[in-house]
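**Q** Sequence:
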Amino acid sequence: MCVFFGLELDSDTKRAVADWRDRYGLAHGQPVPADNFHLTLAFVGEVDHRHLETLTQAVDQWASGYTVGAGRLVLDQAGYWQKQRIYWLGPEQPQLELARLAVKLQNLAGPAGARRQRKLFVPHVTLFRSCAEPPPAPVVAPRIDVHYQHFTLFETLQGRQGVSYRALQHWPLNR
1 MCVFFGLELD SDTKRAVADW RDRYGLAHGQ PVPADNFHLT LAFVGEVDHR HLETLTQAVD
61 QWASGYTVGA GRLVLDQAGY WQKQRIYWLG PEQPQLELAR LAVKLQNLAG PAGARRQRKL
121 FVPHVTLFRS CAEPPPAPVV APRIDVHYQH FTLFETLQGR QGVSYRALQH WPLNR
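Okay, so the sequence shown: first residue is 1 according to UniProt numbering, each after it adds one.
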């Protein structure tokens, strides 16, 4: 199974992101279904059930003794990554605590077979995939609050209607 760690968006936030995308995100690509909106913290990749259990136990043990705060970020910039051909929303302000969490989760995922990520952590919500060209600058800048109280281990599921994500386990973040 293919898994990753991320932040879930609540239904109101998903609606706000979808509304902004539908009004102002003029990209020519494959729109991501609103139900799939999330912020990836650490991609793990393919793992078997034994490695998945090892991973969740490692995160359980680490999370029981470490304090990571719940928080808020603002999706206030739109961006485009040419190599990946995706159009996204993300926060303009650096998210240092989330970056530390992402690095820690990536390190914990190593023994489960995850490849080391060489990319800098950039929190974002993917709006479109397979964009044929860079989208024009939006007429109205985004400003969408995201509140998070936990992080989640997701499984990527491939189906007839495309990709979907299933939450496997949540870990609370302290307030």
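Be aware that one or more of the hints could be misleading.
What the hints assert, rightly or not - Computed cross-link-like contacts, DSS-like style, restricted to lysine-lysine with a CA-CA straight-line distance of at most 30 Å:
| hint | residue 1 | residue 2 |
| --- | --- | --- |
| 1 | K119 | K104 |
| 2 | K119 | K83 |
| 3 | K14 | K104 |
| 4 | K83 | K14 |
Said to hold, decoys possible - What follows is a set of in silico ranges between Cβ atoms, one per label pair, in the way DEER data are often shown:
| hint | residue 1 | residue 2 | range |
| --- | --- | --- | --- |
| 5 | Q61 | Q30 | 32 to 42 Å |
| 6 | R143 | P33 | 36 to 46 Å |
| 7 | N174 | P136 | 36 to 46 Å |
| 8 | P136 | N107 | 19 to 29 Å |
| 9 | G159 | E97 | 16 to 26 Å |
| 10 | G69 | H28 | 14 to 24 Å |
| 11 | R143 | Q61 | 19 to 29 Å |
| 12 | G159 | A99 | 16 to 26 Å |
If you're looking for bench data, these hints aren't it; they were derived computationally from the structure.
No residue lacks a Cβ here, since even glycine has one placed at the ideal position from N, Cα and C.
**Q** Indicate, hint by hint, whether the structure satisfies it.
**A** Tested hints:
no.: 1; hint: K119 - K104; in the structure: 14 Å, holds
no.: 2; hint: K119 - K83; in the structure: 13 Å, holds
no.: 3; hint: K14 - K104; in the structure: 26 Å, holds
no.: 4; hint: K83 - K14; in the structure: 25 Å, holds
no.: 5; hint: Q61 - Q30: 32 to 42 Å; in the structure: 39 Å, holds
no.: 6; hint: R143 - P33: 36 to 46 Å; in the structure: 23 Å, violated
no.: 7; hint: N174 - P136: 36 to 46 Å; in the structure: 41 Å, holds
no.: 8; hint: P136 - N107: 19 to 29 Å; in the structure: 39 Å, violated
no.: 9; hint: G159 - E97: 16 to 26 Å; in the structure: 34 Å, violated
no.: 10; hint: G69 - H28: 14 to 24 Å; in the structure: 39 Å, violated
no.: 11; hint: R143 - Q61: 19 to 29 Å; in the structure: 38 Å, violated
no.: 12; hint: G159 - A99: 16 to 26 Å; in the structure: 32 Å, violated
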